[in-house]
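Colleague: Below, each chain spelled out in residue letters.
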Amino acid sequence: GAGVSQSPRYKVAKRGQDVALRCDPISGHVSLFWYQQALGQGPEFLTYFQNEAQLDKSGLPSDRFFAERPEGSVSTLKIQRTQQEDSAVYLCASSLPGNLYGYTFGSGTRLTVV
Amino acid sequence: KNEVEQSPQNLTAQEGEFITINCSYSVGISALHWLQQHPGGGIVSLFMLSSGKKKHGRLIATINIQEKHSSLHITASHPRDSAVYICAVRLLRDTDKLIFGTGTRLQVFP
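Protein sequence lines correspond, in order, to chains P and C.
As numbered in this note's numbering, residues 1392 to 1505 make up the first sequence, in order.
As numbered in this note's numbering, residues 9 to 118 make up the second sequence, in order.
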């Protein structure tokens, strides 16, 4: 596609519910990143894939967070047993190897846990 | 202490004013990015810098590697420039991930 596509755009979940957030990167972008942005804050790194390999997951806040990219294109960020503190915008970005031309960000998924 | 700090946090300006947003960082980097985020919208990449200066339209970005400092300038500001401007650095010692500043919220009034 022409840009990075994220779905859903908005998600309201009841506390304890599991959610799955999808990211469809630009075709040919092997690097894919997930960031979490709390209200009024800058984005914070969650995890990074190069093709299907998850090279860095140091930013995942707990074992309730899980990300996958099984075929090296679409990625899913899953949050199990959501808590109120998980409420944030989840941003996905993709880039070419070595980030030669910068990143392209999706519009994000705004998750609200009630 | 955050590894990337921006100032000011909030900035208001009248249309036509020259605007400067500053970014300081405390780590070794391979590149610095300036990004723009509109309310409810995604993030748009404005510049990627590793040295010197870049210009795109009314936007100018500079970086001083020795001083670990970058500035984003907007000339002849316009209300449509109102957005959050975020500085982010790519670490030397790490994967391609970015470390973000908290952003500068700019409002330009007509």
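None of these hints come from the bench; they were simulated from the model.
Even for Gly, the Cβ is constructed at its ideal location relative to N, Cα and C.
Among the hints, erroneous ones may be present.
[Unchecked claim] Here are some, though not all, of the chain P residues that point toward chain C, as calculated from beta-carbon distances under 7 Å: (1) Gly1407; (2) Phe1456; (3) Phe1457; (4) Gly1497.
[Unchecked claim] Covered stretches of chain C (in silico footprint by chain P; criterion: 3 or more residues with CB under 8 Å from a CB of chain P, positions within the stretch not fixed): (5) 50 to 63; (6) 107 to 118.
[To be verified] Straight-line distance between alpha carbons at most 35 Å, and here's what the computed DSBU-like set of lysine-lysine pairs gives: (7) C:Lys62 to P:Lys1448; (8) P:Lys1448 to C:Lys76; (9) C:Lys76 to C:Lys61; (10) C:Lys62 to C:Lys76; (11) P:Lys1402 to P:Lys1448; (12) C:Lys63 to P:Lys1469; (13) C:Lys63 to C:Lys76; (14) P:Lys1405 to P:Lys1448; (15) P:Lys1469 to P:Lys1402.
Colleague: Taking the hints in turn, state whether each one holds.
Modeller: How the hints compare with the structure:
no. : hint                   : verdict
1   : Gly1407                : 27 Å, violated
2   : Phe1456                : 16 Å, violated
3   : Phe1457                : 18 Å, violated
4   : Gly1497                : 6 Å, holds
5   : 50 to 63               : holds (count 5)
6   : 107 to 118             : holds (count 5)
7   : C:Lys62 to P:Lys1448   : 33 Å, holds
8   : P:Lys1448 to C:Lys76   : 27 Å, holds
9   : C:Lys76 to C:Lys61     : 14 Å, holds
10  : C:Lys62 to C:Lys76     : 17 Å, holds
11  : P:Lys1402 to P:Lys1448 : 23 Å, holds
12  : C:Lys63 to P:Lys1469   : 40 Å, violated
13  : C:Lys63 to C:Lys76     : 20 Å, holds
14  : P:Lys1405 to P:Lys1448 : 26 Å, holds
15  : P:Lys1469 to P:Lys1402 : 13 Å, holds
Violated hints, in rising order: 1, 2, 3 and 12; the structure is consistent with all others.
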